[in-house]
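Place chain B on chain A using the hints.
Protein chains: 2
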Amino acid sequence: MKKNPELRSHCPINYALEIFGDKWSLLIIRDIVFRGKDSFNQFKKSQEAIATNILATRLEKLLSWGILEKTANLEDGRKEHYHLTQKGLDLIPIILEMVLWSYEYDNDSEAKKIKKLVELIRKDNRKISEKVKKQVKEGIGIVYEYLDDQD
Amino acid sequence: MKKNPELRSHCPINYALEIFGDKWSLLIIRDIVFRGKDSFNQFKKSQEAIATNILATRLEKLLSWGILEKTANLEDGRKEHYHLTQKGLDLIPIILEMVLWSYEYDNDSEAKKIKKLVELIRKDNRKISEKVKKQVKEGIGIVYEYLDDQD
Numbered sequence: 368m369k370k371n372p373e374l375r376s377h378c379p380i381n382y383a384l385e386i387f388g389d390k391w392s393l394l395i396i397r398d399i400v401f402r403g404k405d406s407f408n409q410f411k412k413s414q415e416a417i418a419t420n421i422l423a424t425r426l427e428k429l430l431s432w433g434i435l436e437k438t439a440n441l442e443d444g445r446k447e448h449y450h451l452t453q454k455g456l457d458l459i460p461i462i463l464e465m466v467l468w469s470y471e472y473d474n475d476s477e478a479k480k481i482k483k484l485v486e487l488i489r490k491d492n493r494k495i496s497e498k499v500k501k502q503v504k505e506g507i508g509i510v511y512e513y514l515d516d517q518d
Numbered sequence: 368m369k370k371n372p373e374l375r376s377h378c379p380i381n382y383a384l385e386i387f388g389d390k391w392s393l394l395i396i397r398d399i400v401f402r403g404k405d406s407f408n409q410f411k412k413s414q415e416a417i418a419t420n421i422l423a424t425r426l427e428k429l430l431s432w433g434i435l436e437k438t439a440n441l442e443d444g445r446k447e448h449y450h451l452t453q454k455g456l457d458l459i460p461i462i463l464e465m466v467l468w469s470y471e472y473d474n475d476s477e478a479k480k481i482k483k484l485v486e487l488i489r490k491d492n493r494k495i496s497e498k499v500k501k502q503v504k505e506g507i508g509i510v511y512e513y514l515d516d517q518d
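These protein sequence lines map, in sequence, to chains A and B.
Add 367 to the 1-based position in the first sequence for the working numbering, that's all there is to it.
Add 367 to the 1-based position in the second sequence for the working numbering, that's all there is to it.
Heads up, a few of these hints could be off.
The list treats identical chains as one, so a pair stands whether inside a single copy or across any two.
With a cut-off of at most 27 Å between alpha-carbon atoms, the simulated DSSO-like pairs for lysine-lysine come out as follows [claimed, not checked]:
(1) 490 / 428
(2) 479 / 500
(3) 437 / 501
(4) 412 / 390
(5) 483 / 446
(6) 494 / 479
(7) 494 / 454
(8) 479 / 428
If you are wondering where the hints come from, they were derived from the structure by calculation, not from laboratory data.
Here the structure is a predicted model, which is why all the values come from computation and not from measurement.
Bound-form chain A, shown alone:
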C-alpha cells in the first residue's frame, strides 16, 4: 500500500472528501454495490462513460486508501477483481443517505423506481446498510429491481 499524501486537515469532512471527493469514486462503489461489478472492463461500461485514464487513477487511489482490494481471478490470473474492504463497505450508509437526498430533489431521479428501498433507508439507514453490506460481501450486487421486490 502506498503512503497516502498529506491531508489538508484532519477535519472529518475533509478526510472523507480527500478520499472520495470527486465525481467518480462513489460511482465505482455504486457499480460494485448496486450492480455487482468487480472488474476494470465492467466499470468502464458505466452509463456516465468514465474515461479509461480517470478510471485507472481512481481505482489506484481507492486501493491506496484501503477502500478497495484487488485479487487475481483463480481461473485467469491476468484478470483482476476489485472488492470493497470493510472501510469501503462502511461507505454504504453515506451512499444510501445520498440516495434519499437525490430522491427528494431530482424530479427525474432513477430512485423514483426504488421507492421501497427509499422507504427502508428513511426508516432505518443503519439497518438496511447492514443488510446491503452482507449481500455485497456474499457477492450479490443489489440491483434496483431486486430491491423493489424485497420486504
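Frame of chain A; chain B shown alone:
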C-alpha cells in the same frame, strides 16, 4: 437561477456527485453548519486554504443548484451573505454520516474531540440532523466544543 447543465445520468448517486462531488463544496457547507460562517471572506479563511477563484466558482455552482441563497447585508448592501436553502440543509445527514466514517478510519481525526456528537449521530442521525438544521436556521453555528457540552 441559471439553467443547470445536463446530467450524465439521473442515478441518485450521480445527481448528488454532479452537485457536490468535489473537494470543496461540502467544506463550504461545513463552514456554514459547524462554524457559523456566511460570507466570502469568512469562507476564504478555511484551514484547508481554498483558492479565491475556486471558492467563487463553487459558490456560484451551489447557488445555481439551489443549495445556497444569497442576501445583501441590511446595514451594508455591498456585503453578501450566504445561507443554506432547505435543499442545502438536507445535506446535513450526509455530512454527519461522513463524520462517523472518518471518525472510524482516520486515527488523527478531529472528530475524536466530539465523541458525544459522534455518539448522537450513531444513535439517531435523523434526530440530531433535525436539531442541527434548526440551529443553523436560527443562525447558530454548531461549533465542535459547543456540541461536546450538549446532552
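Status of the hints after comparison with the structure:
no. : hint      : result
1   : 490 / 428 : neither (33 Å within a copy, 31 Å between copies)
2   : 479 / 500 : both (22 Å within a copy, 25 Å between copies)
3   : 437 / 501 : within (19 Å within a copy, 44 Å between copies)
4   : 412 / 390 : both (16 Å within a copy, 25 Å between copies)
5   : 483 / 446 : neither (36 Å within a copy, 46 Å between copies)
6   : 494 / 479 : both (21 Å within a copy, 25 Å between copies)
7   : 494 / 454 : both (17 Å within a copy, 25 Å between copies)
8   : 479 / 428 : between (32 Å within a copy, 25 Å between copies)
Of the numbered hints stated above, those contradicted by the structure are hints 1 and 5, listed in ascending order.
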